[in-house]
Amino acid sequence: IAGITQAPTSQILAAGRRMTLRCTQDMRHNAMYWYRQDLGLGLRLIHYSNTAGTTGKGEVPDGYSVSRANTDDFPLTLASAVPSQTSVYFCASSEGAGATDTQYFGPGTRLTVL
Amino acid sequence: GQNIDQPTEMTATEGAIVQINCTYQTSGFNGLFWYQQHAGEAPTFLSYNVLDGLEEKGRFSSFLSRSKGYSYLLLKELQMKDSASYLCAVLSNDYKLSFGAGTTVTVRA
Numbered sequence: 050i051a052g053i054t055q056a057p058t059s060q061i062l063a064a065g066r067r068m069t070l071r072c073t074q075d076m077r078h079n080a081m082y083w084y085r086q087d088l089g090l091g092l093r094l095i096h097y098s099n100t101a102g103t104t105g106k107g108e109v110p111d112g113y114s115v116s117r118a119n120t121d122d123f124p125l126t127l128a129s130a131v132p133s134q135t136s137v138y139f140c141a142s143s144e145g146a147g148a149t150d151t152q153y154f155g156p157g158t159r160l161t162v163l
Numbered sequence: 303g304q305n306i307d308q309p310t311e312m313t314a315t316e317g318a319i320v321q322i323n324c325t326y327q328t329s330g331f332n333g334l335f336w337y338q339q340h341a342g343e344a345p346t347f348l349s350y351n352v353l354d355g356l357e358e359k360g361r362f363s364s365f366l367s368r369s370k371g372y373s374y375l376l377l378k379e380l381q382m383k384d385s386a387s388y389l390c391a392v393l394s395n396d397y398k399l400s401f402g403a404g405t406t407v408t409v410r411a
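Taken in sequence, the protein lines are chains A and B. Every letter in the first sequence is one number past the one before it in this note's numbering, and letter 90, counting from 1, is 139. Every letter in the second sequence is one number past the one before it in this note's numbering, and letter 98, counting from 1, is 400.
Simulated from the structure, these hints should not be mistaken for lab results. Idealized CB from N, CA, C, for every residue including glycine. Be aware that one or more of the hints could be misleading.
Partial list, computed: chain A residues near chain B (C-beta under 8 Å) [claimed, not checked]:
#1 63
#2 64
#3 92
#4 113
#5 116
#6 147
#7 152
#8 154
#9 160
Label pairs and their calculated CB-CB ranges [to be verified]:
#10 A:106 x B:331: 19 to 27 Å
#11 A:66 x B:330: 23 to 31 Å
#12 B:356 x A:103: 34 to 42 Å
#13 A:66 x B:313: 36 to 44 Å
Just so you have them, the derived chain A footprint on chain B, three or more residues with Cβ under 8 Å [claimed, not checked]:
#14 325-336
#15 345-352
#16 388-397
Build out the structure end to end from the sequences listed, making use of the hints.
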């Protein structure tokens, strides 16, 4: 069982380009999340999905979009990348979206926007 | 908004005990999580507290006081492999996690 996989591992991107970060989980978890992690700021929630077919905005959603066509996949798209989106992006999943549902994290994607 | 505070860095000696404090002010409370994150890796789950008191799990223990908005993570018998960042995260009313900036613990021989 792989758990959560993310691709690519790292990417250098020119400003203005479109980029999709991929996230796949094989645990049949209902809820999935995208976070960005920046030095000194901790993890911040970008978007989430409580179940396939639904998505919601987190703390820092501007400039990002997501889709949840099925249970396993939760891609994050940057429509037109800007340097402030340089960060490490983590995808996470949990069995449900309730109080006792622990979130498990993927290995992360390190994105640099020049 | 959410406000979660924890120290930036701590250093301790191998075999010693370290206590990482976390204070929070959030929109409601549905539990507090501690995660461990080694450099360049994903955060991994350590503990979950929703009721006041101490939860012990091997060398690691976590304490919660909801009335004080306070938690700590206690690491005992420190090992070199415990050098990592430790993230405090609070689950608020909307069941979303808010994270502190993390505490980097360095264990010295």
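Cross-check of the supplied hints:
Annotation: residue 63 of chain A was flagged as interfacial toward chain B, and the flag is violated, the nearest CB pair being 25 Å apart, outside 8 Å. Taking 8 Å as the C-beta cut-off, the interface hint given for residue 64 of chain A is violated, the closest approach to chain B being about 25 Å. This hint holds: residue 92 of chain A has a C-beta 4 Å from the nearest C-beta of chain B, less than the 8 Å allowed. At its closest, the beta carbon of residue 113 of chain A sits 16 Å from a beta carbon of chain B; the interface hint therefore is violated under the 8 Å criterion.
Given hint, residue 116 of chain A at the interface with chain B, is violated; its Cβ is 19 Å from that chain's nearest Cβ, farther than 8 Å. This hint holds: residue 147 of chain A has a C-beta 6 Å from the nearest C-beta of chain B, less than the 8 Å allowed. Given the 8 Å rule on beta carbons, the hint for residue 152 of chain A holds: about 6 Å separates it from the nearest Cβ of chain B. Below 8 Å, beta-carbon pairs count as interface contacts, and residue 154 of chain A has one with chain B at about 4 Å; its hint therefore holds.
Here the hint on residue 160 of chain A is broken, as its CB sits about 14 Å from the closest CB of chain B, past 8 Å. Residue 106 of chain A and residue 331 of chain B have their C-beta atoms about 22 Å apart, which keeps the hinted 19 to 27 Å range intact. Against the hinted window of 23 to 31 Å, the Cβ-Cβ separation of residue 66 of chain A and residue 330 of chain B comes to about 39 Å, which falls outside the hint. The hinted range of 34 to 42 Å is satisfied by residue 356 of chain B and residue 103 of chain A, whose Cβ atoms lie roughly 37 Å apart.
Look at residue 66 of chain A against residue 313 of chain B: about 42 Å separates their beta carbons, and that is inside 36 to 44 Å. Check on the region 325-336 of chain B: 3 of its residues sit with their Cβ under 8 Å from a Cβ of chain A, so the three-residue criterion for coverage holds. For the region 345-352 of chain B, the proposed coverage by chain A is satisfied: 5 residues have a C-beta within less than 8 Å of a C-beta in that chain, meeting the threshold of three. Coverage of the region 388-397 of chain B by chain A holds. Counting CB-CB distances below 8 Å, 4 residues qualify, and the rule asks for three or more.
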